[in-house]
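Q: One letter stands for each residue in the lines below.
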Amino acid sequence: MAEAEESPGDPGTASPRPLMRDLKAVGKKFMHVLYPRKSNTLLRDWDLWGPLILCVTLALMLQRDPADSEKDGGPHFAEVFVIVWFGAVTITLNSKLLGGNISFFQSLCVLGYCILPLTVAMLICRLVLLAGPGPVNFMVRLFVVIVMFAWSIVASTAFLADSQPPNRRALAVYPVFLFYFVISWMILTFTPQ
Amino acid sequence: MAAADELTFHEFEEATNLLTETPDAATTSRSDQPTSQGHVAVAVGSGDSYGAEDEVEEESDKAALLQKQQQQPGFWTFNYYQSFFDVDTSQVLDRIKGSLLPRPGHNFVRHYLRNRPDLYGPFWICATLAFVLAVTGNLTLVLAQRRDPSIHYSPQFHKVTVAGISIYCYAWLVPLALWGFLRWRKGVRERLGPYTFLETVCVYGYSLFVFIPMVVLWLIPVPWLQWLFGALALGLSAAGLVFTLWPVVREDTRLVAAVLLSTVVLLHALLAMGCKLYFFQSLPPEHVTPPHQAASLPTNIPLSPTLPRSMAPS
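From first to last, the protein sequence lines stand for chains A and B.
Mapped onto my numbering, the consecutive letters of the first sequence carry residue numbers 1 to 193.
Mapped onto my numbering, the consecutive letters of the second sequence carry residue numbers 1001 to 1314.
Hint data in this document are derived by calculation from the structure and do not stem from the laboratory.
Some clues are possibly wrong.
As the list claims (entries may be wrong) - Covered by chain A, per the in silico footprint, the following chain B stretches (three or more residues, Cβ under 8 Å):
{"no.": "1", "segment": "1074-1085"}
{"no.": "2", "segment": "1089-1097"}
{"no.": "3", "segment": "1128-1141"}
{"no.": "4", "segment": "1212-1224"}
Cβ coordinates follow ideal geometry from the N, Cα and C atoms, glycine included.
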């Protein structure tokens, strides 16, 4: 964790304090994602706890029913995990290969944190699905997913776009678009059994 | 890559030699037309001597850069791979446009790649195509269910894996085989150098771009329209491949050239057909079993696991 002050194991320090500090840092970054502004907090103090929490939450909510047959059905828990992390690593590599000046973990941090709107969309979709199927149900879910997808894209490009030279910005942003599109698709097609 | 670099270096030498003799000449290099010796044709025209000098200076700068680039870093360093992503947005869009509109005289490699192949295009076009295939295949299921509520909808996530693996294998293994075959024939023939592996991968990667709109248009559930779009896209894509391969292959015997080109087209057609049949099956109405959960939603009627699929994938 790239915290500014690392307090090594000091026998006198009470252990809950670093945990609270970390949780507060994660929460602060959540706020920065929800209200994206040109601030450096996400980039400077990167951490991967937030992305991990979000990814596990999303994968838990998206995973298929164990009763589903092998052929059909939604993704397994591991498949969601792999898509999110492998996708984020690929986009980061792509961005660095194109000549971007963002570090590997900073980019992973930004991409992971910007899944937050889509996780919120997943929560809302699950709640909406409890009300039963129907075209209205679908339109509401579609609207929510589209809005959150746009929010994710705007949040991540606000942080990532500046790190690329201007003649390659679109090349670096397109994979981010594809990544969040795939996640949004998985959220939208989630059908409980 | 080494063959292409040698060609450009020789071009420069001959150009300067000829330019010193005829200062008013303008040089053009035509690599498609067979010339007896080099690949430079000198046209004595009315160009300014100042313009020719400028061109010579540009050429010398380019030659100096090429010399620096010839000391390529090893394949274990990051910079080696960075050289394959040295493209701008406009260049990628230009190459995509070039693959969409193949023309008989314009060789994709010489005209658009210009000895600077990139890996960005092939990689992300394959990724996009794989996801678009899975998504639109699932969408046809949704639309089919709207028309016929007895069809069971499911996210079919395994199709994403199948799409990804098959597209990437096609886009990387087939160029590998083609490149290997052309190099082997070059050993036999010893004429015009074939394309490097990366250039072959690039040609195949960009030629797959036209399948993306084709797959999206396959959402329209009119069968003859789907075959029409498929044929159009396949024609464009295969034409691009054939026009690119023709200059390399025509040096060879007729038989080998014909067999190679028809194999390339056939493989491409098999890919298109495979996509259509696996991802866009027109579903027969499934037989219905009574719901086994009391709380199940009325439109999602569970079915027996074995569904009658005529073209079962391996």
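Q: So which of those numbered hints doesn't the model satisfy?
A: 4
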